[in-house]
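Participant: Keeping their order, the protein sequence lines are chains P and V. Here our numbering is used: the first residue of the first sequence is 727, the next is one more, and so on. Here our numbering is used: the first residue of the second sequence is 129, the next is one more, and so on.
Any given hint could be a false lead.
[As the list claims (entries may be wrong)] Using 20 Å as the maximum straight-line C-alpha spacing, the simulated PhoX-like pairs for lysine-lysine come out as follows:
(1) V/K182 - V/K196
(2) P/K1141 - V/K253
(3) V/K141 - P/K1136
(4) V/K182 - V/K220
(5) P/K1136 - P/K1112
(6) V/K220 - P/K1112
(7) P/K1141 - V/K220
Honestly, the hints are just simulated from the structure, not real lab data.
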Amino acid sequence: MILDIGFETMPREDLEAIILRRLKTTIDRVYSNIPFYRKKFEENNLSPNDIQSLEDLKRIPFTTKKDLRDNYPFGMFAVPMETVVRIHASSGTTGKPTVVGYTARDVNTWAELMARSLAAGGATREDIIHNAYGYGLFTGGLGIHYGAEKLGASVIPVSGGNTKRQIVIMKDFGPTILTATPSYALHLAEVAEEMGVSFKDLKFKYGIFGAEPWSEKMREEIERKLNLIAVDIYGLSEVIGPGVAIECHEAKRGLHIFEDHFIPEIIDPVSGEVLPYGETGELVFTTITKEAFPVIRYRTRDITSLNPEPCICGRTHIRMNRVSGRTDDMLIIRGVNVFPSQIESVLMEMDAAEPHYQLVVDREDNLDTMTVLLEVGESLFSDEVKHLQNREKKIATNIKDYLGVSARVKLVEPKTIARSEGKAVRVIDNRKI
Amino acid sequence: MRAEQISVFLENKAGRLAEVTAILGEAGVNIRALAVADTSDFGVLRLIVDDNAKAVASLKNHGFTVSKTDVVAVEVEDRPGGLHRILGILHKAEINVEYMYAFVQHSGKNAVMIFRIDNIADAVKILQENSVTVIDGDKVYTL
Ligand SMILES: [Zn+2]
């Protein structure tokens, strides 16, 4: 269901006029209210008046996670604290957390976008939503919660953890929509099975999963094990939280970005150059309606591409493809940007099972070399050596074709690639630079 | 007429083959025939054992990638040209042999060879028409 027909299906021309108007207002506000942005503008001899078209956005420098940290905790707020009604923070696993604030209007905007998202994912006001995202400083739990209430659905604020009790609630309350991280969804399936509960006997119709990267294979697995239709949701607290983009359940092919609130760009993470539609790079967002915590050209470090093709659902908002990785993981091999996720896609095409692989990068005689170690599972194995050798060759050829870099492929025994906390270590870079 | 062979993926590094034989020994599995085909990086170990189910389970438990393949066990006269005659028969019938290896034990006074062939049914028919003895799968494991 399309919740906000007016905005979500607006003809592009009208939409772009609104985007530009809102962008200009935002630029004026950050320039007047946030010293960080004013300084950036001045350093680049820019004034808010220089931004007269959407093209002009390119002239403004990027904002990075480091900029947010440097202004910890409240230096990037555009309003006085008396008008801030909510504060969230990202986990500070790699340094200080990033702190974000919301005015009453921001909280309402967020709830509306989350309500749109839930509707796009199949929810209606008749539904009962089992919300297993964590509640707290993390935006997941409360973001979904407010959206569910805005939609008029019944929300069970079950949060994360205590999985056995969650299964009992699912049995007794009969929720019809599940919201969780995809890995927790699979964990729920495992625990239910241990408890002798079949998802076939539960009432779930749709599941809305996000907050971590996942794959099409994982979607198939979740849909099969949980007996529901699974869609992808995207968001990050620096932009607003969940509800930045959502996959429609009709197409399940890419996530519509709510462009009446956020402007997406894809850039080359090294040169900063804006890339055309379809090309893979780093996703950058500019918020155009937020009051307390606007961001201009914020580098998400998420890797994806944009798809402007019209969608069967009727929404006119552009789609981003599934996030396939992080720029932090990017390697530069002989001057070519390589994301482990791109190698993973090549491997996935070759094998029915989830690939377990590792990229080992070395420098020999001043030349970068990359070796792809691939664990041989049952679906890849053959009793004939030449078949295995052909597979190695085919993978190397595909990597060369798709990524433009040469790689050596080496088949290894299962469980030989080092894992850290259950996750495979994807990259070993032995270059001494 | 077909026998079942177990194939195991091995990295080409010291001690991997011994690891497999140790696991099978501990599981009480007797190896009847064995061959390794390898490259500089990896190898495929092919085994005929007396208890396939037990062998596969114990190897999988130890994290090895294992598959099962149908092969044929053929009696080969233990004299010059014995093997050549059989290959000739198959070649004339345009049946391609992917690989083959010898069995440890003899069957009476004949040697036994394992053949990996795509079209087993045709191969067995042709061999029998030329009065070559193809050994029953069940008997191979306990020869
Ligand atoms: Zn759509």
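Participant: For every hint, state whether the structure bears it out.
Facilitator: Evaluated hints:
no. : hint              : in the structure
1   : V/K182 - V/K196   : 13 Å, holds
2   : P/K1141 - V/K253  : 43 Å, violated
3   : V/K141 - P/K1136  : 13 Å, holds
4   : V/K182 - V/K220   : 39 Å, violated
5   : P/K1136 - P/K1112 : 14 Å, holds
6   : V/K220 - P/K1112  : 24 Å, violated
7   : P/K1141 - V/K220  : 45 Å, violated
In summary, the numbered hints that this structure violates are 2, 4, 6, 7.
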